[in-house]
Amino acid sequence: AQKVTQAQTEISVVEKEDVTLDCVYETRDTTYYLFWYKQPPSGELVFLIRRNSFDEQNEISGRYSWNFQKSTSSFNFTITASQVVDSAVYFCALSGPYGNNRLAFGKGNQVVVIP
Amino acid sequence: GAGVSQSPRYKVAKRGQDVALRCDPISGHVSLFWYQQALGQGPEFLTYFQNEAQLDKSGLPSDRFFAERPEGSVSTLKIQRTQQEDSAVYLCASSRPTWDKNTEAFFGQGTRLTVV
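Taken in sequence, the protein lines are chains A and B.
Following the working numbering, the numbering of the first sequence begins with 59 at its first residue and continues without gaps.
Following the working numbering, the numbering of the second sequence begins with 1047 at its first residue and continues without gaps.
Isolated chain A, as found in the complex (with noise of 0.2 Å):
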């Protein structure tokens, strides 16, 4: 089975702040896949990264960054300098060797900038 754990429900920031979201992962697969996703008061699920097992090197887009450590089953995710517009839910998920198929959510973390 999969298994997503985020933590922290609700976490707020004042603008400029930088902000960390944890996402610790369960699974058995050896190879499997690391998302991060954005749900803004919309209602849509924005994509923002895909991580595959075998790929550690932690990355960086623009304000965002990821620390992938397999030792400790941890995707966290950060943003830095946050922004209003960055109020929203975010979550962490996990699919299995085929990619995008069938994703494990965590609860997800509320993210509110307060300016």
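Honestly, the hints are just simulated from the structure, not real lab data.
We put the CB at the ideal spot given by N, CA and C, even for glycine.
Check each hint, because a few of them may be wrong.
Negatives, chain B to chain A, calculated, CB over 10 Å [to be verified]:
1) 1050
2) 1061
3) 1063
4) 1066
5) 1119
6) 1131
7) 1133
8) 1134
Lysine to any residue pairs mimicking SDA-like chemistry, simulated, CA-CA at most 20 Å apart [unchecked claim]:
9) A/61 <-> B/1087
10) B/1103 <-> A/101
11) A/165 <-> B/1134
12) A/165 <-> A/83
13) B/1103 <-> A/156
14) A/61 <-> B/1107
15) A/61 <-> B/1085
16) A/165 <-> B/1158
17) A/61 <-> B/1124
18) A/165 <-> B/1107
19) A/96 <-> B/1090
20) A/96 <-> B/1085
21) B/1124 <-> B/1142
22) A/96 <-> B/1087
23) A/96 <-> B/1086
24) B/1057 <-> A/101
25) B/1103 <-> A/155
26) A/165 <-> B/1057
27) A/165 <-> B/1051
28) A/128 <-> A/107
29) A/61 <-> B/1104
30) A/96 <-> B/1051
31) A/61 <-> B/1106
32) B/1057 <-> A/102
33) A/96 <-> B/1149
34) B/1057 <-> B/1162
35) A/128 <-> A/60
36) A/61 <-> B/1084
37) B/1124 <-> B/1106
38) A/61 <-> B/1086
39) A/61 <-> B/1090
40) A/96 <-> B/1152
With chain A fixed as given, assemble chain B onto it according to the hints.
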């Protein structure tokens, strides 16, 4: 179309009523998924199609839930004899073939179902 389109956006149903939720995937996407998202929770997988074939329906919570994609494009999720616990947002997603590991699922805005 430009993205995954779902209709209706909102649906209020009386307990016991049947409902049908529609999903128009991105043109050319062969894979289609349905998820159920309860309030304050992450989406939960319901079912998966590749073209018109329903390859995985293990997430459907009961036999009152039925999904189809007869021509391999538009999909309909039907819920019979709705109950209050069916109240949730139903999300549809589509993607290129799932064996294409360099693709991701694109989600629609969902249908918010409220059973009263």
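Quick rundown of the hints versus the structure:
no. : hint              : in the structure
1   : 1050              : violated (8 Å)
2   : 1061              : holds (24 Å)
3   : 1063              : holds (23 Å)
4   : 1066              : holds (19 Å)
5   : 1119              : holds (19 Å)
6   : 1131              : holds (18 Å)
7   : 1133              : holds (15 Å)
8   : 1134              : holds (12 Å)
9   : A/61 <-> B/1087   : holds (14 Å)
10  : B/1103 <-> A/101  : violated (24 Å)
11  : A/165 <-> B/1134  : holds (14 Å)
12  : A/165 <-> A/83    : holds (12 Å)
13  : B/1103 <-> A/156  : holds (17 Å)
14  : A/61 <-> B/1107   : holds (18 Å)
15  : A/61 <-> B/1085   : holds (19 Å)
16  : A/165 <-> B/1158  : holds (18 Å)
17  : A/61 <-> B/1124   : violated (28 Å)
18  : A/165 <-> B/1107  : holds (19 Å)
19  : A/96 <-> B/1090   : holds (16 Å)
20  : A/96 <-> B/1085   : holds (16 Å)
21  : B/1124 <-> B/1142 : violated (24 Å)
22  : A/96 <-> B/1087   : holds (14 Å)
23  : A/96 <-> B/1086   : holds (14 Å)
24  : B/1057 <-> A/101  : holds (15 Å)
25  : B/1103 <-> A/155  : holds (18 Å)
26  : A/165 <-> B/1057  : violated (24 Å)
27  : A/165 <-> B/1051  : violated (24 Å)
28  : A/128 <-> A/107   : holds (17 Å)
29  : A/61 <-> B/1104   : holds (16 Å)
30  : A/96 <-> B/1051   : holds (18 Å)
31  : A/61 <-> B/1106   : holds (18 Å)
32  : B/1057 <-> A/102  : holds (17 Å)
33  : A/96 <-> B/1149   : holds (17 Å)
34  : B/1057 <-> B/1162 : holds (11 Å)
35  : A/128 <-> A/60    : holds (15 Å)
36  : A/61 <-> B/1084   : holds (17 Å)
37  : B/1124 <-> B/1106 : holds (11 Å)
38  : A/61 <-> B/1086   : holds (17 Å)
39  : A/61 <-> B/1090   : holds (11 Å)
40  : A/96 <-> B/1152   : holds (12 Å)
Figure legend: structure checked against the earlier numbered hints; hints not met, in rising order: 1, 10, 17, 21, 26 and 27.
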